[in-house]
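Letter by letter, the chains look like this.
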Amino acid sequence: NAGVIQTPRHKVTGKGQEATLWCEPISGHSAVFWYRQTIVQGLEFLTYFRNQAPIDDSGMPKERFSAQMPNQSHSTLKIQSTQPQDSAVYLCASSFQGNTEVFFGKGTRLTVV
Amino acid sequence: GDSVTQTEGLVTLTKGLPVMLNCTYQTTYSPFLFWYVQHLNEAPKLLLKSSTDNKRTEHQGFYATLHKSSSSFHLQKSSVQLSDSALYFCALSGGGYKLTFGTGTSLLVDP
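So the protein lines, in turn, are chains A and B.
For the first sequence, the numbering used here begins at 230 and goes up steadily by one.
For the second sequence, the numbering used here begins at 647 and goes up steadily by one.
Among the clues, some could well be false.
To be verified - Straight-line Cα separation of at most 25 Å, DSS-like style, residue types lysine-lysine; simulated pairs:
(1) Lys714/B with Lys335/A
(2) Lys335/A with Lys240/A
(3) Lys240/A with Lys691/B
(4) Lys335/A with Lys691/B
(5) Lys701/B with Lys723/B
(6) Lys723/B with Lys695/B
(7) Lys291/A with Lys307/A
(8) Lys244/A with Lys307/A
(9) Lys661/B with Lys691/B
(10) Lys695/B with Lys307/A
(11) Lys714/B with Lys744/B
(12) Lys291/A with Lys744/B
(13) Lys744/B with Lys335/A
Stated by the list, open to error - Some chain A residues flagged as far from chain B (calculated, every beta-carbon gap over 12 Å):
(14) Arg238
(15) Gln266
(16) Gln270
(17) Ser287
(18) Pro290
(19) Ser295
(20) Gln309
Because the hints were derived from the structure by calculation, they are not lab data.
Glycine included, every Cβ here is placed at the ideal spot set by N, Cα and C.
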């Protein structure tokens, strides 16, 4: 079990460019989460999928952020027109049923310059 | 909505000393509390969890007791080691799937 896999581990984008972050959840896990981690805010919930369906995107900034889960083996988080304030570590996590232990990936460190 | 408060941003201790990291929470639901530990450049990993009032839970030398009367779930260890240096997050599940995290406490253990 390789755990939750996130790629790339580091990404640098110029202001205004698009960034796509990838996540492969643990096989068999039906719940997938995205969190954003910053020093000031800590870990902030972004969005949640269950059985590939979007359930809760209440933490997603509405205008430039989107997330998809086209199949059970991967999810993507896309940020359009990136801004310096988007710089953070984006963590993907999965769990068996959504209300059990959550396993995190190592994250993607996004730096917008 | 749910909220979690961790009052210490940074705790620095000498190896062998005891530590307590504070965590208080607010929720209108029946709480399920967690402590996650994140070492540098690693994924956050579950350290402890509890939903049972006044019952101590332990793992890897760390322990915590959920006290619903004071809405607290403080993390303790009797003797910290160098390898305990990490970022510790308290988290709350207030009745469903979503985890609400505190801002985290960095624990730095000196030799």
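Status of the hints after comparison with the structure:
{"no.": "1", "hint": "Lys714/B with Lys335/A", "result": "violated (32 Å)"}
{"no.": "2", "hint": "Lys335/A with Lys240/A", "result": "holds (14 Å)"}
{"no.": "3", "hint": "Lys240/A with Lys691/B", "result": "holds (23 Å)"}
{"no.": "4", "hint": "Lys335/A with Lys691/B", "result": "holds (10 Å)"}
{"no.": "5", "hint": "Lys701/B with Lys723/B", "result": "holds (16 Å)"}
{"no.": "6", "hint": "Lys723/B with Lys695/B", "result": "holds (15 Å)"}
{"no.": "7", "hint": "Lys291/A with Lys307/A", "result": "holds (12 Å)"}
{"no.": "8", "hint": "Lys244/A with Lys307/A", "result": "holds (14 Å)"}
{"no.": "9", "hint": "Lys661/B with Lys691/B", "result": "holds (22 Å)"}
{"no.": "10", "hint": "Lys695/B with Lys307/A", "result": "violated (32 Å)"}
{"no.": "11", "hint": "Lys714/B with Lys744/B", "result": "holds (20 Å)"}
{"no.": "12", "hint": "Lys291/A with Lys744/B", "result": "holds (19 Å)"}
{"no.": "13", "hint": "Lys744/B with Lys335/A", "result": "holds (19 Å)"}
{"no.": "14", "hint": "Arg238", "result": "violated (9 Å)"}
{"no.": "15", "hint": "Gln266", "result": "violated (9 Å)"}
{"no.": "16", "hint": "Gln270", "result": "violated (7 Å)"}
{"no.": "17", "hint": "Ser287", "result": "violated (9 Å)"}
{"no.": "18", "hint": "Pro290", "result": "holds (17 Å)"}
{"no.": "19", "hint": "Ser295", "result": "holds (19 Å)"}
{"no.": "20", "hint": "Gln309", "result": "holds (25 Å)"}
Violated hints for the displayed structure, listed by number in ascending order: 1, 10, 14, 15, 16, 17.
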